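Sequence order for the protein chains is A and B. So for the first sequence, my numbering puts the first residue at 1; every next one is plus one. So for the second sequence, my numbering puts the first residue at 300; every next one is plus one.
Bear in mind the hints are in silico, worked out from the structure with no lab data behind them. Bear in mind that the values here come from a model prediction, so they are computed numbers and not experimental data. Every residue, glycine too, gets a C-beta built ideally from N, C-alpha and C. Just so you know, not all the hints are guaranteed correct.
Sample of chain A residues facing chain B (criterion: CB under 10 Å; computed from the structure) [said to hold, decoys possible]:
| id | residue |
| --- | --- |
| 1 | R61 |
| 2 | E224 |
| 3 | T227 |
| 4 | H229 |
| 5 | R262 |
In silico DSSO-like pairs for lysine-lysine, Cα to Cα no more than 27 Å straight-line [what the hints assert, rightly or not]:
| id | chain 1 | residue 1 | chain 2 | residue 2 |
| --- | --- | --- | --- | --- |
| 6 | A | K156 | A | K145 |
| 7 | A | K220 | A | K240 |
| 8 | B | K449 | B | K398 |
| 9 | B | K449 | A | K156 |
| 10 | B | K591 | A | K97 |
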Amino acid sequence: MQKIYFLMLLGIVFNVPANAALRIFSCEPEWAALAKEIGNDKVDVTSATTPDQDVHYIQARPSLIAQMRRADLVVCTGADLEVGWLPVLLRQGGNAKVQPGQDGFFDASSAVQLLEVPTSVDRSMGDVHPYGNPHLQLDPHNIAKVAAALAARMEKLDAADASLFQQRSTDFLLRWNQAIDKWTQDGAGLKGMQIVTHHRSYVYLDHWLGLEEIGSLEPKPGIEPTTGHLAQLLDQVKNKHVKAIVRSSYQDSRASDWLSSRTGIKAIVLPHTAGSVPEAKDLFAMFDVIIARLNEANK
Amino acid sequence: MHRFSHAGRRAAHLTMFTCLLSCVTAIAPRPVAAQGAITSNAFNPALSLILDGKYTNYSRDPRDYQISGVLLGEEAGLPSRGLSLGETELAASANVDDKFYGQVTLSISDNDEKTDLNVEEAFVQTTTLPQGLTARAGKFLSDIGYQNSKHSHTWDFADQPLVYRALLGEQFGDTGVQLKWVAPTALFVELGGEAFRGSEFPASGAGHDGVGAYTAFAHLGGDVGDTHSWRAGVSYLDTDAVNRESTLPSDDIVAFTGQSRVWIADAIWKWADHGNPKTRNFVLQGEYLRRKESGNLATRLATAAYDGTQSGFYVQGVYQFMPRWRAGVRYDRLSADNTVGPLPIATPLSDDRDPSRVTAMVDFSNSEFSRLRLQLADDRSRARSDRQLILQYVFSLGAHGAHQF
Ligand SMILES: [Zn+2]
Numbered sequence: 001m002q003k004i005y006f007l008m009l010l011g012i013v014f015n016v017p018a019n020a021a022l023r024i025f026s027c028e029p030e031w032a033a034l035a036k037e038i039g040n041d042k043v044d045v046t047s048a049t050t051p052d053q054d055v056h057y058i059q060a061r062p063s064l065i066a067q068m069r070r071a072d073l074v075v076c077t078g079a080d081l082e083v084g085w086l087p088v089l090l091r092q093g094g095n096a097k098v099q100p101g102q103d104g105f106f107d108a109s110s111a112v113q114l115l116e117v118p119t120s121v122d123r124s125m126g127d128v129h130p131y132g133n134p135h136l137q138l139d140p141h142n143i144a145k146v147a148a149a150l151a152a153r154m155e156k157l158d159a160a161d162a163s164l165f166q167q168r169s170t171d172f173l174l175r176w177n178q179a180i181d182k183w184t185q186d187g188a189g190l191k192g193m194q195i196v197t198h199h200r201s202y203v204y205l206d207h208w209l210g211l212e213e214i215g216s217l218e219p220k221p222g223i224e225p226t227t228g229h230l231a232q233l234l235d236q237v238k239n240k241h242v243k244a245i246v247r248s249s250y251q252d253s254r255a256s257d258w259l260s261s262r263t264g265i266k267a268i269v270l271p272h273t274a275g276s277v278p279e280a281k282d283l284f285a286m287f288d289v290i291i292a293r294l295n296e297a298n299k
Numbered sequence: 300m301h302r303f304s305h306a307g308r309r310a311a312h313l314t315m316f317t318c319l320l321s322c323v324t325a326i327a328p329r330p331v332a333a334q335g336a337i338t339s340n341a342f343n344p345a346l347s348l349i350l351d352g353k354y355t356n357y358s359r360d361p362r363d364y365q366i367s368g369v370l371l372g373e374e375a376g377l378p379s380r381g382l383s384l385g386e387t388e389l390a391a392s393a394n395v396d397d398k399f400y401g402q403v404t405l406s407i408s409d410n411d412e413k414t415d416l417n418v419e420e421a422f423v424q425t426t427t428l429p430q431g432l433t434a435r436a437g438k439f440l441s442d443i444g445y446q447n448s449k450h451s452h453t454w455d456f457a458d459q460p461l462v463y464r465a466l467l468g469e470q471f472g473d474t475g476v477q478l479k480w481v482a483p484t485a486l487f488v489e490l491g492g493e494a495f496r497g498s499e500f501p502a503s504g505a506g507h508d509g510v511g512a513y514t515a516f517a518h519l520g521g522d523v524g525d526t527h528s529w530r531a532g533v534s535y536l537d538t539d540a541v542n543r544e545s546t547l548p549s550d551d552i553v554a555f556t557g558q559s560r561v562w563i564a565d566a567i568w569k570w571a572d573h574g575n576p577k578t579r580n581f582v583l584q585g586e587y588l589r590r591k592e593s594g595n596l597a598t599r600l601a602t603a604a605y606d607g608t609q610s611g612f613y614v615q616g617v618y619q620f621m622p623r624w625r626a627g628v629r630y631d632r633l634s635a636d637n638t639v640g641p642l643p644i645a646t647p648l649s650d651d652r653d654p655s656r657v658t659a660m661v662d663f664s665n666s667e668f669s670r671l672r673l674q675l676a677d678d679r680s681r682a683r684s685d686r687q688l689i690l691q692y693v694f695s696l697g698a699h700g701a702h703q704f
């Protein structure tokens, strides 16, 4: 009995008074940036991962369990991208509001059409994503779809600030759609540009801009580049006109550099999320940098 | 963990065994529903199968294994010499409905005499209790300490720390209930307590009408910047033992009846290059355990009073120096202070040498699902040092494993 009183006392001491800000736990920095665009100062957003981390390989750290415990809304990519750690956080966080199926759980992949949905999967294919490719944030049209769905969810959860969220999301989508037109125009010359990527995480960018992916540095998804595979890739790109070897900021540069030094093809880092390179502070700047760097490599 | 076979108590049911195998063959390749389409398959629990095999070489006979200063539980010991199969583990988990989650882990061990099927874990857990509470019921590994709740395929070494083998019978799990609470703070604060049947080492005999063991634990944790993270905790385990049998290398059996209490302090610190453990990371981990036992020891011919305090620690560091490759070292040390009345046979309790062990390992993981390991140890659990070599593979099939901290 004493223990129960003790627990109750602790609950009172530690309980933060309910304040206005909607507490959002975002799995990736891009959704944190998007939630901030919509919620501004009416949301308290934390991102579980940084742009330097490989989001496939996060551990369920104590700090993340503590964040999960306090969240009003969990915003994640879904489609099994976070399969190794998000279910653990949900089970250990003791937060009923944010369990899948509740309004407090938002799955971005449910708002878009996924590419590369396999008809059957086997681990000999690597750590393949069984529900389709989850790296969906690199098509700005997907960001727009997620923004609309996320704003609707935030309005539902925080009625007091609903009109603000609606107004800000409408304004964001207006600016975003104008930006898409500009990026599409600026990137028109990229159609048919051949690239090699580190991981299959650029398929939505390929799909949007019409880039042609010749191969991946990873022999299989999630398997680190091997010398044998790189040698094979070297042969493969010789008869092509590959313009860039593309990787994200969290990926080891050695494989890119190796292939680049033997072929003269430029190795470039494309921002994969908000903040992943210094110039890409927000989502708008992220696509500005992507288009600029691809155009530069395609010259 | 290497579990020795128990006659009768955990006999394998062959019919069930074959059913399990046919279920497992359904794991791969797995058909995937197109987006939006709902098939009955989508409700199948996540199934995974762990394959574990070893080659071991010891300079001393593993059947004589004992640890100075303690009486070992029946499941504590060394894997048999030469080529052997470790535990083949079959796990299934899923949300039961909108309020409960369930998990079953069965382990199949196969040795020279027979095949045993053990229920390692079988529990249900709440997902929607208010105020950060989670309740659990069934059979499970206790959340005391750090290493205790880790399944063997996630261990950083091929075997448990010596102090876990000596004081907890490799690791403590039993049938019971658990209540856990996570504080709504930026600092990770988790408090919990468990009540168990009390039939597993260091408890025995399901005393107190079948509620013979209790635990309480507190864990704290957090991050320091983007690249460091830590967790520390204290735990307590209070058990009753009724006729807890230990078999000595001489084949004599000693049975302990009395109270056995364990205190644990644990700490782990992790570093990852740019916060991204996939490339390079380092893990420093250590735990201190102290156990007090008081009661009687019975042999076939006599009974004597026994009061013992045994304690020990391990500290280990594991460094992933490049993607897929890790190397680690571990140091174990134990000591004991026992008072035992006159008995007609000699037991390790009266041996006042301080056991220790130094272990080094290197492992390679082609993917998250496969690991090959070489481990060397100089084990001074007994009077003379035992040089041990273990070559191990750990493969996992089926559902994606959990990235536990
Ligand atoms: Zn991926």
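Status of the hints after comparison with the structure:
Hint status for R61/A: holds, given a least beta-carbon distance of 5 Å to chain B, under 10 Å. Interface restraint check: E224/A against chain B, minimum CB-CB distance 5 Å, threshold 10 Å, status holds. Proximity of T227/A to chain B is violated relative to the hint, the smallest CB-CB distance being about 13 Å (cut-off 10 Å). The closest approach between the C-beta of H229/A and any C-beta of chain B is roughly 13 Å, which is over the 10 Å cut-off, so the hint fails.
With 10 Å as the threshold, the beta carbon of R262/A stays out of range of chain B, its nearest partner Cβ sitting at about 21 Å, so the hint is violated. For the suggested pair K156/A and K145/A, the alpha carbons sit about 17 Å apart, so the restraint of at most 27 Å is met. Taking the CA atoms of K220/A and K240/A, the gap is about 21 Å. The hint holds against a cut of 27 Å. Straight-line distance between C-alpha atoms of K449/B and K398/B comes to about 25 Å, which keeps the hinted pair within the 27 Å bound.
Under the criterion of a C-alpha separation no larger than 27 Å, the hint pairing K449/B with K156/A is inconsistent with the structure, at around 40 Å. For the given pair, K591/B sits about 43 Å from K97/A by alpha-carbon distance, which is inconsistent with the 27 Å threshold.
Hint violations for this structure: numbers 3, 4, 5, 9 and 10, all remaining hints satisfied.
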